[in-house]
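Colleague: Residue-level listing of the chains:
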Amino acid sequence: MRYAMAIDTKKCVGCGDCVVACQTENNVPHGYCRDWIVENVVGSYPNVEIELRSERCNHCDNSPCVRCCPTGASHIVEGGIVKVTHNMCIGCGACIQSCPYDARYSHPDGYVDKCTFCDHRLAKGQSPACVAVCPTNCLYFGDLEDPNSDVSKALKNRKWKVLAPEAGTKPQLYFLT
Amino acid sequence: MDTKIVKKQQPKYINPYFGGILLGLLLLAAFFIAGRGLSASGAVKLLVVTVVDKVAPAHAEGNAYYSKFIPADGSSPLYNWLIFGAIGTFFGGMLSGAIFGRLKKLRVEHSPKISARTRLIAAGAGGILFGIGSQFGRGCSSGAALSGTASLSFGGLIVMALMFGIGYVFAWFFRKLWI
Amino acid sequence: MMKEELFISGRNIPNVDPYLNIWHWQIPIYLYLGGLAAGIMFFAGYFTIMRKEKDMETTVKWAPFLVPGALVVGLFALFLDLKHQLYFWRLYTTIRLESPMSWGAWTLMLVTPLSFIWVASYMKELFPKWDWKFNILNKAEALAIKYRKSMAWAMMLLAVVLGVYTGILLSAFNARPLWNTSVLGILFLTSGLSTGLAASMWMSKSKYERKVLSRLDLIMIGIELFLIIHMLMGFLAASEVQIEAAHLFLGGEFTVVFWVFVIILGLVFPATLEVLELKGFHIPVWIPALLILIGGLVFRFVMVEAGQITRFLY
Chain A
1 MRYAMAIDTK
11 KCVGCGDCVV
21 ACQTENNVPH
31 GYCRDWIVEN
41 VVGSYPNVEI
51 ELRSERCNHC
61 DNSPCVRCCP
71 TGASHIVEGG
81 IVKVTHNMCI
91 GCGACIQSCP
101 YDARYSHPDG
111 YVDKCTFCDH
121 RLAKGQSPAC
131 VAVCPTNCLY
141 FGDLEDPNSD
151 VSKALKNRKW
161 KVLAPEAGTK
171 PQLYFLT
Chain B
1 MDTKIVKKQQ
11 PKYINPYFGG
21 ILLGLLLLAA
31 FFIAGRGLSA
41 SGAVKLLVVT
51 VVDKVAPAHA
61 EGNAYYSKFI
71 PADGSSPLYN
81 WLIFGAIGTF
91 FGGMLSGAIF
101 GRLKKLRVEH
111 SPKISARTRL
121 IAAGAGGILF
131 GIGSQFGRGC
141 SSGAALSGTA
151 SLSFGGLIVM
161 ALMFGIGYVF
171 AWFFRKLWI
Chain C
1 MMKEELFISG
11 RNIPNVDPYL
21 NIWHWQIPIY
31 LYLGGLAAGI
41 MFFAGYFTIM
51 RKEKDMETTV
61 KWAPFLVPGA
71 LVVGLFALFL
81 DLKHQLYFWR
91 LYTTIRLESP
101 MSWGAWTLML
111 VTPLSFIWVA
121 SYMKELFPKW
131 DWKFNILNKA
141 EALAIKYRKS
151 MAWAMMLLAV
161 VLGVYTGILL
171 SAFNARPLWN
181 TSVLGILFLT
191 SGLSTGLAAS
201 MWMSKSKYER
211 KVLSRLDLIM
221 IGIELFLIIH
231 MLMGFLAASE
241 VQIEAAHLFL
251 GGEFTVVFWV
261 FVIILGLVFP
271 ATLEVLELKG
281 FHIPVWIPAL
291 LILIGGLVFR
301 FVMVEAGQIT
311 RFLY
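Protein chains in written order, with our numbering: chain A, 1 to 177; chain B, 1 to 179; chain C, 1 to 314.
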């Protein structure tokens, strides 16, 4: 079981529904977000290209945040999801420093928080909040090891890229280009 | 154990005329490197502006004198060539004093006829007057006299002439502080 | 045609955007005091093993008095930085070999009591009126004095681990390109040793001891300058993110602070003064010592702040 997500950058319109849905679903404190939109503009007028990405924690295979946690609060659960045990986290900030994607933030309650692929919804057989709510259906989620899952099918037929592959983290967020 | 004789030297001072020429060349280098001249009172002024800005930022912004030296981009007023010049002068002087035997125990130098306390009070009073004067005259002995006359500023010439002239006149009244 | 790439995002997470700034003054203070303590302990242990306690009295007996205080203050600063402070004890429920922070927590757990014991073992010798009041403490003191040589070895070893850890803590975060260099471990160790020597030198009243420490310090400063130059050269020869990180010190916002306060006033100028002192010119010892101590502190501050600004993306 290896959960992953694919974001179709050709279909993402940057509406931010995924951001708000996640904040609502996970009680994210005001001013913080677990996923965000990045608008990447290349070139200058009239030869401009825009890529819209909905980004979040990449739940990396070789996650530096899990490796550097001194208490073991950052850990990997079934499916490759990276999670933080709140009452083991001391708030040292090492994991925040080690994430090349700046996906983690320091929750006002003291512990470190980030996207969890809505594993509480996955346990009930639902998809993550952002995936469920996306109006253009540009987010594909599922088990990479299952050839019939949404994400496997999306990756089979399209060109994709990951962010900062040179960081060596083996991220599991694939951007279909 | 070590038996090398520690060099106890007579304090050496440079020939004042030669020193003057070197100082002039240094000023030329300052204009060339930094695009502006030297000014010790300028460095002190920037320090004052920084302190006022920290303690009472609203007052500093509103005041025509202080606000000119507070950079718009939020960086400290101390981020200025004058400050680093002053730091360099301090350590350069220390190095020169060390090599030529002028660096001795920390002490207040004064005429044997007065006490160290008198000297310090006089220095403080003189410093205050000099500070006020330098800001009115837009420069001190290095700012107006040296750099000002180097750029042939008429104001600088007047400041220099009066600074040393008035000093000459009043020297007799304060001779007891020195001899 | 102008080549331009823009990244626009509405994200504005506190302490993360626009630049990561989650670690503030507490971490540089902690790294500095850790390095200073490591430096003092290393040479206290070294000269004990070399049987030079009589000649290097300050280094072996007096300077270590600074260590327990430095470590406690440093650990307190670290504690203040934690955001979930009630759970700090979790650090000591597990050893995670892949996490330098875990290494550090445990090393400090060993080093701090050891430094207290070292200082305690010399209390009666330095303060003849000192009385432990309890017989068990007297017995413990006798034990400590008996095993001084073993303690010295342990102190040297742990001091090296501590010094290297202060650097590796940063260099393990490969997401911050400025820190992602293996030079940082040994650089911070050398800097720590140098500040330890400076502190011992300042406290010492013996001309011979000051000379020995001064010579050692010159070697340390030389190594430090070499490592800094090579660190920058390494960055300039690495990937784009590291070239940009190096440019923070070569024309970027940290250029002036780094070159003036860390390199010139913190390393080169004190080294010059120490050379002059060794050649016979009289330099008050507090000047190079103070400059080296301040230079080390500014170096830590600059590295922590600049490192958080560098990133892989955007």
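Since the hints were made in silico from the structure, they are not lab data.
A couple of the hints might just be wrong.
[What the hints assert, rightly or not] Straight-line alpha carbon distances no greater than 27 angstroms define the calculated BS3-like cross-link-like pairs of lysine-lysine that follow:
| hint | chain 1 | residue 1 | chain 2 | residue 2 |
| --- | --- | --- | --- | --- |
| 1 | C | Lys3 | A | Lys159 |
| 2 | C | Lys52 | C | Lys83 |
| 3 | C | Lys207 | B | Lys104 |
| 4 | C | Lys83 | A | Lys83 |
None of the values given here were measured: they were computed from a predicted structure.
Colleague: Confirm or reject each hint.
Modeller: Tested hints:
1. This hinted pair checks out: Lys3/C and Lys159/A have alpha carbons roughly 24 angstroms apart, not beyond 27 angstroms.
2. About 45 angstroms separates the Cα atoms of Lys52/C and Lys83/C, which puts this hinted pair outside 27 angstroms; it is violated.
3. As the CA atoms of Lys207/C and Lys104/B are separated by approximately 17 angstroms, the hinted pair is consistent with the 27 angstroms bound.
4. For the hint linking Lys83/C to Lys83/A, the alpha-carbon distance of about 18 angstroms falls within 27 angstroms, and the restraint holds.
Consistency note: the structure conflicts with earlier hint 2 alone.
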